[in-house]
Amino acid sequence: MNGVHDLGGTDGLGPVIVEQNEPVWHAEWEKAAFALFATNFRAGLFNVDMFRSGIEQMHPAYYLLSPYYEHWMHTAEHFAVEAGVIDAAELDAKMQHYLDHPDEPLPERSDPDLLAFVDAAVKGGAPARRESDAAPSFKVGDKVTVTQDSPLEHTRKARYIRGKTGVVESGHGTFIYPDSAGNGRGEDPKHVYTVKFTNVELWGADNAEPNGVVYFDVWEPYLVPAAVPAEGALR
Amino acid sequence: MTIPRSEAEIAARMKALEALMIEKGIMTTEAVDRLAEIYENEVGPQLGAAVVAKAWTDPEFKARLLASATDACAELGIGGLQGEDMVAAENTDDVHNVIVCTLCSCYPWPVLGLPPNWYKQPAYRSRIVREPRTMLRDEFGHDVPESVEVRVWDSSAELRYMVLPQRPPGTEDKSEAELAELVTRDSMIGVAPVRA
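Taken in order, these protein sequences are the chains called A and B. Per the working numbering, the first sequence starts with residue 1, numbered consecutively. Per the working numbering, the second sequence starts with residue 1, numbered consecutively.
Just so you know, these hints were derived from the structure itself, not from any lab. Don't be surprised by glycine CBs; every beta carbon is placed ideally from N, CA and C. Some hints here could point you the wrong way.
[Unchecked claim] Derived DEER-like restraints, expressed as beta-carbon distance ranges:
# : chain 1 : residue 1 : chain 2 : residue 2 : range
1 : B       : GLY77     : A       : ASN21     : 24 to 34 Å
2 : A       : LEU64     : B       : ASP138    : 13 to 23 Å
3 : A       : ARG159    : B       : GLN166    : 54 to 64 Å
4 : B       : GLN166    : A       : ASP92     : 46 to 56 Å
5 : A       : ARG185    : B       : GLU90     : 37 to 47 Å
6 : A       : VAL224    : B       : GLY170    : 44 to 54 Å
[To be verified] Distance condition first, Cα-Cα at most 30 Å in a straight line; then the derived BS3-like pairs of lysine-lysine:
#  : chain 1 : residue 1 : chain 2 : residue 2
7  : A       : LYS196    : B       : LYS54
8  : B       : LYS120    : A       : LYS196
9  : B       : LYS62     : A       : LYS123
10 : A       : LYS196    : A       : LYS143
11 : A       : LYS123    : B       : LYS24
12 : B       : LYS24     : A       : LYS139
13 : A       : LYS164    : B       : LYS120
14 : B       : LYS24     : B       : LYS174
15 : A       : LYS164    : B       : LYS24
16 : A       : LYS123    : B       : LYS120
17 : A       : LYS139    : A       : LYS164
18 : B       : LYS174    : B       : LYS54
19 : B       : LYS62     : A       : LYS196
20 : A       : LYS164    : A       : LYS143
21 : B       : LYS24     : A       : LYS94
22 : A       : LYS196    : A       : LYS139
23 : B       : LYS120    : B       : LYS54
24 : A       : LYS164    : A       : LYS196
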């Protein structure tokens with residue numbers, strides 16, 4: 001999806017605002033928004049790719065202006081409503097209730113299994129690597145070009161690398177394919193490669209910073225072998 | 001709905017969502033508190049700093065770290081969520097590395113903890129791939145000479161990158177623990193050097 005989240009190479013977004021001695025949490029609500037990533041994943045409401053896809057469906061103006069963890073709240077809400085676990089009107093009513101009664105406590109519930117899951121997930125992770133019999137189509141050193149196709153759905157093929165040619169720096173084996181899993185379909189594992197692009201290739205000779213490269217990790221379906229330049233061609 | 005929501009509106013909406021998730025048996029306040037505590041007190045850049053200090057003092061560990069950061073970190077009991085497959089990019093006299101996630105906010109949690117706000121902001125994510133050298137100088141006060149190649153790692157898949165910064169001169173007599181004290185989060189993102 002050609003969304004606002006796909007920020008690489010966008011100009012004019014202002015200076016970086018660095019907060020000195022920044023705390024991990026800026027408000028209590030951020031903790032709950034962060035926790036939704038783990039608890040609602042456990043409940044089967046989304047996978048990590050769908051989680052990102054849900055964020056990408058925010059209105060662009062809202063995406064750019066809202067605090068970061070509100071994005072997490074948005075995607076958790078999106079999938080909880082979509083699955084029918086909660087009702088949007090019920091959520092709106094409860095929000096108004098808490099606006100009117102901010103000191104009212106949350107419901108009490110204890111769940112030792114969930115607590116154990118939290119610790120196990122932090123320690124053990126949720127690997128996206130999947131075994132596959134598919135042989136890699138590319139090897140280290142191959143020149144590859146990212147296809148120009150612009151998927152309407154969730155993808156990790158950023159706009160700034162589309163149509164660009166780079167060199168395979170390393171191959172990593174097969175991982176869950178976000179263009180499938182992130183759109184609610186199967187895991188469909190594909191090979192992942194780190195591809196090196198020169199600044200000149202990405203931004204053009206007139207605008208590229210000197211002596212620099214960008215490494216970008218791509219899934220195999222994003223790539224085709226680079227065309228061999230015809231004799232006398234510019235590149 | 002106004003854009004953006006007020007802080008009170010965000011807090012009320014999150015509380016409403018949390019209440020519903022608790023009622024549905026999906027969430028508990030104790031799980032929220034436990035996760036918050038882990039990333040406040042247990043998992044943070046002090047773990048990455050220990051990895052860097054060990055790499056500076058143990059050449060064999062450094063070789064293993066550069067071969068597989070996941071395996072080398074696991075030797076120190078470091079790993080897990082958002083660091084299932086980690087890569088360490090080494091700074092040298094000729095190369096400076098910096099990490100970003102232009103599409104969202106991917107970051108190596110097991111070694112650096114949760115990312116600072118600026119790492120997740122559109123301003124950083126949009127520009128660091130296009131003008132890294134200018135940005136490091138103007139926004140972070142880190143002037144990388146033109147003779148040094150700047151390598152930007154855009155964490156677009158499930159690999160998670162950390163920078164192995166250069167050991168500063170004048171630290172030959174320092175112990176591994178003392179060295180770890182010098183290593184900052186920003187040096188492992190690649191926006192600052194380690195200073196003695």
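Going through the hints against the structure:
1. B/GLY77 / A/ASN21: 24 to 34 Å: Holds, at about 27 Å.
2. A/LEU64 / B/ASP138: 13 to 23 Å: holds, 22 Å
3. A/ARG159 / B/GLN166: 54 to 64 Å: Hint violated: Cβ distance 34 Å, outside 54 to 64 Å.
4. B/GLN166 / A/ASP92: 46 to 56 Å: Cβ of B/GLN166 to Cβ of A/ASP92: about 53 Å, so the range 46 to 56 Å holds.
5. A/ARG185 / B/GLU90: 37 to 47 Å: holds, 38 Å
6. A/VAL224 / B/GLY170: 44 to 54 Å: Since the Cβ atoms of A/VAL224 and B/GLY170 sit about 50 Å apart, the hinted range of 44 to 54 Å holds.
7. A/LYS196 / B/LYS54: holds, 29 Å
8. B/LYS120 / A/LYS196: Roughly 23 Å separates the two Cα atoms, so the pair holds.
9. B/LYS62 / A/LYS123: Between B/LYS62 and A/LYS123 the Cα gap is close to 23 Å, so the pair holds against 30 Å.
10. A/LYS196 / A/LYS143: holds, 10 Å
11. A/LYS123 / B/LYS24: Given that 30 Å is the threshold and the Cα spacing comes to 26 Å, the pair holds.
12. B/LYS24 / A/LYS139: Violated: B/LYS24 and A/LYS139 sit about 49 Å apart, past 30 Å.
13. A/LYS164 / B/LYS120: holds, 25 Å
14. B/LYS24 / B/LYS174: violated, 54 Å
15. A/LYS164 / B/LYS24: It is violated: about 47 Å lies between the C-alpha atoms, which goes past 30 Å.
16. A/LYS123 / B/LYS120: holds, 23 Å
17. A/LYS139 / A/LYS164: holds, 18 Å
18. B/LYS174 / B/LYS54: holds, 12 Å
19. B/LYS62 / A/LYS196: Holds: B/LYS62 and A/LYS196 sit about 23 Å apart, inside 30 Å.
20. A/LYS164 / A/LYS143: Holds, at roughly 11 Å.
21. B/LYS24 / A/LYS94: The given pair, whose Cα atoms are some 14 Å apart, holds under the 30 Å limit.
22. A/LYS196 / A/LYS139: Holds: A/LYS196 and A/LYS139 sit about 13 Å apart, inside 30 Å.
23. B/LYS120 / B/LYS54: holds, 29 Å
24. A/LYS164 / A/LYS196: Within the cut-off at roughly 10 Å; holds.
Hints 3, 12, 14, 15 from the earlier list are contradicted by this structure; the remaining hints agree with it.
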